[in-house]
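Enquirer: One-letter residues, chain by chain:
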Amino acid sequence: AQSVTQLGSHVSVSEGALVLLRCNYSSSVPPYLFWYVQYPNQGLQLLLKYTSAATLVKGINGFEAEFKKSETSFHLTKPSAHMSDAAEYFCAVSVDGGSQGNLIFGKGTKLSVKP
Amino acid sequence: SQTIHQWPATLVQPVGSPLSLECTVEGTSNPNLYWYRQAAGRGLQLLFYSVGIGQISSEVPQNLSASRPQDRQFILSSKKLLLSDSGFYLCAWSVRGANVLTFGAGSRLTVL
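Protein chains in written order, with the working numbering: chain A, 41 to 155; chain B, 299 to 410.
If you are wondering where the hints come from, they were derived from the structure by calculation, not from laboratory data.
You may find that some hints are simply not true.
[Said to hold, decoys possible] If you want a taste of the chain A side facing chain B, the calculated C-beta under 10 angstroms gives, among others:
| no. | residue |
| --- | --- |
| 1 | V44 |
| 2 | F74 |
| 3 | N81 |
| 4 | Q82 |
| 5 | G83 |
| 6 | Q85 |
| 7 | S134 |
| 8 | N142 |
[As the list claims (entries may be wrong)] For the chain B half of the interface with chain A, some residues (derived, Cβ under 10 angstroms), not all of them:
| no. | residue |
| --- | --- |
| 9 | Y332 |
| 10 | E357 |
| 11 | N397 |
| 12 | L399 |
| 13 | G404 |
Using N, Cα and C, we set each Cβ at its ideal position, and we do this for glycine too.
Extracted from the complex, chain A is given alone in its bound form:
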């Protein structure tokens, strides 16, 4: 069965510092992996997705994630945090190998950015 674990429910960084949000997955099939961002009282917005084409995936707003099969990880990074990056971030894995939008989400990591 597929599952996702996000390490750290809350991460705080200073503006301009590196952002690293951790995600580990478990999947019985080659996974499709996603990162979504949620701003307060809004729906989720897709940041990026991994579909086996390339292990380093670039997304919107300067974020990227690297798929590491040996570590079963898909950590999200951004070289320099901006105040506008403050939000909650969700890692997700596709349930059935990717043909539908049935996703299993992690519990989320709330990112705070200090001035």
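Take the given structure of chain A and dock chain B to it, following the hints.
Expert: Positioned in the frame of chain A, the structure of chain B alone reads:
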């Protein structure tokens, strides 16, 4: 372009009352439609998904139900709400056969 609408945005209901949340998608045909629930500290949980009119798959047993009376309309209902039904309900759609979800703005339900 495609848009997704959810309403109401906020709802406060007493225990035992009925519920109806609506979701509509514009600008696309034959979408897959989804209802997710987000409870505090528990991430998102898939409740229902639909691949066509009248076709509903339930992921979690509960006192909620879903219906798809039209191609681009998805309704979440309950006959009698429980306190545990409180949460943030998100409707989403995807292109048939694809796995990228586009979410609505959500409906916040508080059951008192």
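Enquirer: All the hints need checking, so say for each whether the structure fits it.
Expert: Structure-based check of each hint:
no.: 1; hint: V44; verdict: holds (8 angstroms)
no.: 2; hint: F74; verdict: holds (8 angstroms)
no.: 3; hint: N81; verdict: holds (7 angstroms)
no.: 4; hint: Q82; verdict: holds (6 angstroms)
no.: 5; hint: G83; verdict: holds (3 angstroms)
no.: 6; hint: Q85; verdict: holds (7 angstroms)
no.: 7; hint: S134; verdict: holds (5 angstroms)
no.: 8; hint: N142; verdict: holds (6 angstroms)
no.: 9; hint: Y332; verdict: holds (6 angstroms)
no.: 10; hint: E357; verdict: holds (8 angstroms)
no.: 11; hint: N397; verdict: holds (5 angstroms)
no.: 12; hint: L399; verdict: holds (5 angstroms)
no.: 13; hint: G404; verdict: holds (5 angstroms)
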